[in-house]
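Going by numbering that gives the first Met the number 0, the first residue of the sequence shown is number 0, and it counts up by one from there.
By construction, these hints were calculated from the structure, which means they are not laboratory data.
Keep in mind that this is a model prediction, so the values were computed, not measured.
Every residue, glycine too, gets a C-beta built ideally from N, C-alpha and C.
Mixed in with the good hints, there may be bad ones.
[As the list claims (entries may be wrong)] With a straight-line Cα cutoff of 27 angstroms, these simulated DSSO-like cross-link-like pairs (lysine-lysine) come out:
#1 LYS369 with LYS396
#2 LYS179 with LYS122
#3 LYS37 with LYS369
#4 LYS261 with LYS33
#5 LYS37 with LYS313
#6 LYS404 with LYS33
#7 LYS213 with LYS261
#8 LYS404 with LYS8
#9 LYS213 with LYS369
#10 LYS8 with LYS37
#11 LYS313 with LYS33
#12 LYS122 with LYS33
[Said to hold, decoys possible] Okay, the calculated beta carbon distance ranges per label pair:
#13 GLY244 with LEU189: 28 to 36 angstroms
#14 LYS313 with LYS369: 29 to 37 angstroms
#15 GLY23 with SER101: 49 to 57 angstroms
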Amino acid sequence: MSELFDRLKEAVGPAGFIAGDDVGPRYFTDVADKLGPKPSLVLRPASTVEVSEILTLCHAAGQPLVPQGGMTGLVGAGLPAEGEVVLSLERLNAIEEIDTESSTMTVGAGTVLQTIQEQAGAKGFSFPLDLGARGSCTIGGNLSTNAGGNRVIRYGMARDLVLGLEAVLADGSVVGNLNKLIKNNTGYDLRQLFIGSEGTLGIITRVTLRLYPKPASQTVALCGLDDFAQVIRFLRHMQNAFSGGISAFEVMWQSYFAEARKVTGRHSPFADPHPFYALTEVLGGSPERDQEAFESALASAFDAGLINDAVVAKSLAEVNELWQLRDASSEVTRNLAPVLGYDVSIPVSRMVAFAEVLTASIDELHPGNKTVIFGHVGDGNLHVTTTAGAADPEQSKAVNSLVYKLTGANHGSISAEHGIGIVKRPYLSYSRSDNDIALMRTLKTALDPKGILSPGRIFEV
């Protein structure tokens with residue numbers, strides 16, 4: 000082992016090598032405060048060449064490793080297991096190119112999402128992938144789980160924003176390319192193989208991202224609604240009013256809204272509480288015209304009985320205040336801790352029934368619990384946080400099974416955007432067939448025959 004470590008140190012240099020007592024908790028603690036065993040070695044490569052050298056050495060020695068980005072994941076995929084070496088991509092953080100003619104940006108996998116957004120904005124563009132952890136999550140981590148976020152309804156998932164991708168296989172081979180093409184039907188689309196694979200098939204090192212024109216306007220409103228049927232009618236109304244161009248449609252159940260107000264210190268802009276709150280946003284190119292069209296759409300929604308009340312942001316500060324309520328999920332989670340959290344996709348037509356049955360079932364198991372729900376309803380994604388059973392491992396398993404069985408029964412997915420990792424691994428069969436999982440294992444074996452990349456993530460090997 001010492002010989003391997005010596006060769007790894009030679010590959011990455013002193014700046015890329017952390018061992019023994021120098022390994023800090025950031026490399027074995029994630030945002031959910033889950034802990035893995037302290038790794039004996041952390042490698043911090045600064046280039047694709049160094050990643051390739053690391054994997055070549057680890058493959059030859061049969062040394063397992065786990066890649067890490069910003070450690071904002073919620074399913075334990077980045078936490079090291081016993082005997083694993085940590086491969087931190089934090090130094091692969093270069094903005095290599097912004098091509099204003101092709102509307103693309105090429106970056107290293109360790110680049111923080113917010114940095115990408117800001118650099119794109121400085122050149123008159125927008126990179127629309129956006130989520131609450133934007134200030135610490137990395138693009139490589141976002142792609143490893145195929146992150147979604149707040150604007151999927153308009154721009155799609157993370158995979159829809161990637162034009163080119165470079166990755167390193169378990170044996171050190173470098174594959175992929177950083178092309179800037181929207182149309183490229185030359186055989187298998189290898190980039191999509193690595194996106195969403197949680198570091199089990201290869202290590203993403205660099206990507207070429209698709210940029211969009213920077214919006215000249217951002218119109219936002221928070222609306223109060225009586226029931227979920229009203230929510231869906233309002234969503235369709237706004238989609239029709241803007242020809243499918245709304246950029247966000249976030250819905251908060253009263254339970255979540257109350258907790259978000261508590262942790263942010265924000266007062267409700269409404270005189271009376273509502274069972275549901277919808278935060279809707281439209282990004283456009285003409286501030287005055289867009290504001291007028293937005294307010295007109297809201298007025299017609301009110302006249303048609305689709306909403307009960309609405310507050311329209313009149314300034315950037317007010318936009319941020321409204322979004323702060325929706326983005327307070329991490330603070331809500333910490334305030335309610337210990338909790339269990341779920342990230343599921345449910346067909347919109349089944350969503351309200353799912354939520355009602357779920358909360359009633361949890362209440363039956365654990366009377367007096369607190370369960371809060373919000374979601375990206377426009378794309379069918381719900382986030383559920385509950386205190387039920389969170390303090391006891393066996394009770395937690397029972398609640399997990401309840402949630403995921405109900406998700407499967409409603410033809411949903413147990414992971415909308417957070418991945419499977421370790422935490423959701425026992426429940427994968429609720430969303431994927433035996434044949435699906437067998438094919439995944441075949442791909443894993445073909446690309447990583449020694450099983451050194453993120454072993455035990457997604458499924459047992």
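Hint by hint, here is what the structure shows:
Between LYS369 and LYS396 the CA atoms are separated by roughly 17 angstroms; this keeps the pair inside 27 angstroms, and the hint holds. A C-alpha spacing of about 18 angstroms is found between LYS179 and LYS122, which places the hinted pair at or below 27 angstroms, so the restraint holds. The straight-line distance between the Cα atoms of LYS37 and LYS369 is roughly 34 angstroms, outside the 27 angstroms bound, and the hint therefore fails. Proximity of LYS261 to LYS33 is assessed by CA-CA distance (about 25 angstroms); at most 27 angstroms being required, the pair is judged to hold.
A hinted pair counts as satisfied when its Cα atoms are at most 27 angstroms apart, and LYS37 with LYS313 does not qualify at roughly 49 angstroms. About 25 angstroms separates the Cα atoms of LYS404 and LYS33, which keeps this hinted pair within 27 angstroms; it holds. Under the criterion of a C-alpha separation no larger than 27 angstroms, the hint pairing LYS213 with LYS261 is inconsistent with the structure, at around 33 angstroms. Using a Cα cut-off of 27 angstroms, the hinted pair LYS404 and LYS8 is violated, with the two alpha carbons roughly 47 angstroms apart.
For the suggested pair LYS213 and LYS369, the alpha carbons sit about 40 angstroms apart, so the restraint of at most 27 angstroms is broken. Distance check on the hinted pair: LYS8 and LYS37 sit about 19 angstroms apart at the alpha-carbon level, within 27 angstroms; holds. Restraint check for LYS313 and LYS33: not satisfied, since their Cα atoms lie roughly 41 angstroms apart, outside the 27 angstroms limit. A threshold of 27 angstroms between alpha carbons decides the hint, and for LYS122 with LYS33 the separation of about 38 angstroms lies outside it, so the pair is violated.
The given range of 28 to 36 angstroms is respected by GLY244 and LEU189, whose C-beta atoms sit roughly 32 angstroms from each other. Hint check: LYS313 to LYS369, Cβ distance near 34 angstroms, so the stated range 29 to 37 angstroms holds. Range check, GLY23 to SER101: about 40 angstroms between beta-carbon atoms, so the 49 to 57 angstroms window is missed.
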